[in-house]
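As a plain string of letters, each chain reads:
2 protein chains.
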Amino acid sequence: MERRRILLIVLDGLGDRPVKELGHKTPLEAANKPTLDWFAQNGINGLLDPIAPGVRPGSDTSHLALLGYDPFEVYTGRGPFEAAGVGIDVRKGDIAFRGNFVTVDEDRNVVDRRAGRIREGTDELAKALDGMKLGRVKVLFRAGTDHRAALVLRGKGLSPKVTDTDPHEEGVPVIEAKPLESKAKATAKAVNAFTDKAYGLLKDHAVNKARAAKGEALANLVVLRGAGVVPHLEPFPERYNVKAAGIAGVALIRGICRAVGIDVLDVPGATGGLDTDMVAKADAALAALETAEFVLVNVKAPDLCGHDGQASEKIRVIERIDQMMAHLKSRLPADVVLALTADHSTPVSVKDHSGDPVPVTIFAEGVHVDDVARFDERAVARGGLGRIRGLDLMPILLSLANRAEKFGS
Amino acid sequence: MERRRILLIVLDGLGDRPVKELGHKTPLEAANKPTLDWFAQNGINGLLDPIAPGVRPGSDTSHLALLGYDPFEVYTGRGPFEAAGVGIDVRKGDIAFRGNFVTVDEDRNVVDRRAGRIREGTDELAKALDGMKLGRVKVLFRAGTDHRAALVLRGKGLSPKVTDTDPHEEGVPVIEAKPLESKAKATAKAVNAFTDKAYGLLKDHAVNKARAAKGEALANLVVLRGAGVVPHLEPFPERYNVKAAGIAGVALIRGICRAVGIDVLDVPGATGGLDTDMVAKADAALAALETAEFVLVNVKAPDLCGHDGQASEKIRVIERIDQMMAHLKSRLPADVVLALTADHSTPVSVKDHSGDPVPVTIFAEGVHVDDVARFDERAVARGGLGRIRGLDLMPILLSLANRAEKFGS
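Protein chains in written order, with numbering that gives the first Met the number 0: chain V, 0 to 408; chain Y, 0 to 408.
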């Protein structure tokens, strides 16, 4: 059988609950989305619990599951995936932290947890810290967006069981890291050595001198939180024997892709924000399919509307996604197995992720097309896929793409 | 409550995908099968993933799951079940191989991998090898169909981690087995001793003398492949407290039955081929139910049509199955819990097993009869069983048969 390609489109935070102001419809039910509905009508549909029924997923744990990695086995915290997301080549056993550039006074009291909302110069500051040696421990450091950063400690015998140095409030000193288990002593020592050295390297850095001259708050220290050990993740291309590409604006999803060995593509105009150029994403996905056999596309915008509690804005985003899908539909190669789903629900009434299942539609040659006429939370519940889990999706897509190994004979 | 009997009918490879030439219907949807539909109308229906959604099952792994044994725990390869299928009483820890009678020249180059397609005399040849002692290792050997055979090594400290002696091609020598781990040395030595002794016992065997006289290729050696260790399998009759019988034409399914302690019945005319006498199978099942409380029937024919890519032939087979079911329906005792399902899909478009779910119908006193009107892949998806897994089936049937243990109080 001909092997097919797979396109997985994850509409971040798409799922929702009935909204009173929308006549008890969900934003998906209220939106005008003829192309999404066309895919539902010509595909097989169902509900998908990204992790398990009722479990509130993060975007990271859900994407891991959708890609076939059991988050209960491999998720050790956000740090490792954030670090991968900002471009650190994380390795199994590394200890990764999320960090903030902060402003501290001479007694290392935190004056500003966002270093005056610094947006420029953080790459230069990060360079000063990257490659630092703390005894036998090596530091890898990268700036993220705005004041955010990621730090990795690499060395033998390290442990993620250390406390944060981030006091999580202002007006109090940066905290000394403490080991939470005896074998974490060396790690805590390295973290505290990092704090000392970082202060020394940052306080008189040219970027900070320029900031001081302009009266801006200094970025003269980095506080750390959320230590996690980088898990072993069998590379996606080896696991499924496919060349794989990922298109995502947000660092966390880019990090998930990088951590599992999926090439992350940069798409001009695709920002991960509400202003993202969705058609550019669709074109990038089609272009990627020319060389890759698996392409993941994450569209972050619905999640942002959910977090903001903006039902009408979420409807508008869904209608823009529908236009993206119309663009894609007219150009979609016949051999592509297309899956449309979400990583979780972000109901506008909750303003955060919920444990509700999300719609899933698979459009491909050979599926048992069902009677579902609309792509929404209620309609797909009667579809032919029934209720599946995030971890089921990759095996189903691989089987439809004629890429699954037989188990037994 | 009265304890009921269970009849599980596995229609091998029955599931399919929409076929263009059938107006995008599956063979099941296109077939005229009033009795199968009657059972769907009067039973409870659903989709069944033999292993898990999207996973492409073998017939062996799927039957293990349908019988309640988790294949991820107990499946160690085909060898042990093939050996059981040809009648070797395999025991936990035995190392089982699949084998071929072959023709070799004086330098033990394989001249014919099927020994001139030998069909007769293999039982006598097997008897010459069965019971062979290789140091402390005992050989159990049986002929299978045609040139096929199975070998079991029994002894302490054996390992399945040895290479094949089968070169898998002609014109090259029989390969010396090599250990793939240090504790497999004794096993590799025994395998090589078997090759030497077998050649000595077979080359001048009366069967071969007769073949030589007729100008036929000799069956003067056996090559081995696919070593597997026999897993521990709690006997089915003990596990479920039932007397159990199995009706299957193909050796592999007979082997699965034997390996779990299900009595395999011989049914004259039931061949495991397209020419099988299905009504004889139904009568044998009814007769078996007079003493057994659990009867498994495997009908191999749909799978054969799937592998051959013959949609119209698959439809004819389904219509013959329908006649078998009509015969059975009119004679079915009222206390029997009947389950109708498949071990996997073998779509005619794929010509191999796929990871698609299969229909399952349970007809029994006490089920919640649903609205499903037809026994096919699409119709059952809206049934009352929802989407279940192979491992779920036995607990459901035992519960309906009033044979399940309570978990808790």
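No lab work stands behind these hints: they were computed from the structure.
There's no promise every hint is true.
As the list makes no split between identical chains, a pair holds if one copy fits it or if it spans any two.
[Claimed, not checked] Simulated crosslink set (BS3-like; lysine-lysine; CA at most 30 Å straight-line): (1) Lys328 <-> Lys24; (2) Lys91 <-> Lys208; (3) Lys350 <-> Lys405; (4) Lys196 <-> Lys155; (5) Lys405 <-> Lys24.
Do the hints match the structure? See the list:
1. Within a single copy, Lys328 and Lys24 get their C-alpha atoms as close as 26 Å, and across copies as close as 24 Å, so both meet the 30 Å cut-off.
2. When the C-alpha separation of Lys91 and Lys208 is checked against a cutoff of 30 Å, the pair qualifies neither within a copy, at 38 Å, nor between copies, at 64 Å.
3. Taking identical chains as interchangeable, the C-alpha atoms of Lys350 and Lys405 lie at most 30 Å apart only when they sit on different chains, with a minimum of 13 Å there against 43 Å within one chain.
4. Proximity of Lys196 to Lys155 under the C-alpha cut-off of 30 Å is restricted to the intra-copy arrangement: shortest distance 21 Å within a copy versus 54 Å between copies.
5. Proximity of Lys405 and Lys24 under a CA criterion of 30 Å is satisfied inter-copy only: 25 Å between copies versus 42 Å inside one chain copy.
Comparing the model with each numbered hint stated earlier shows that hint 2 is the single one that does not hold.
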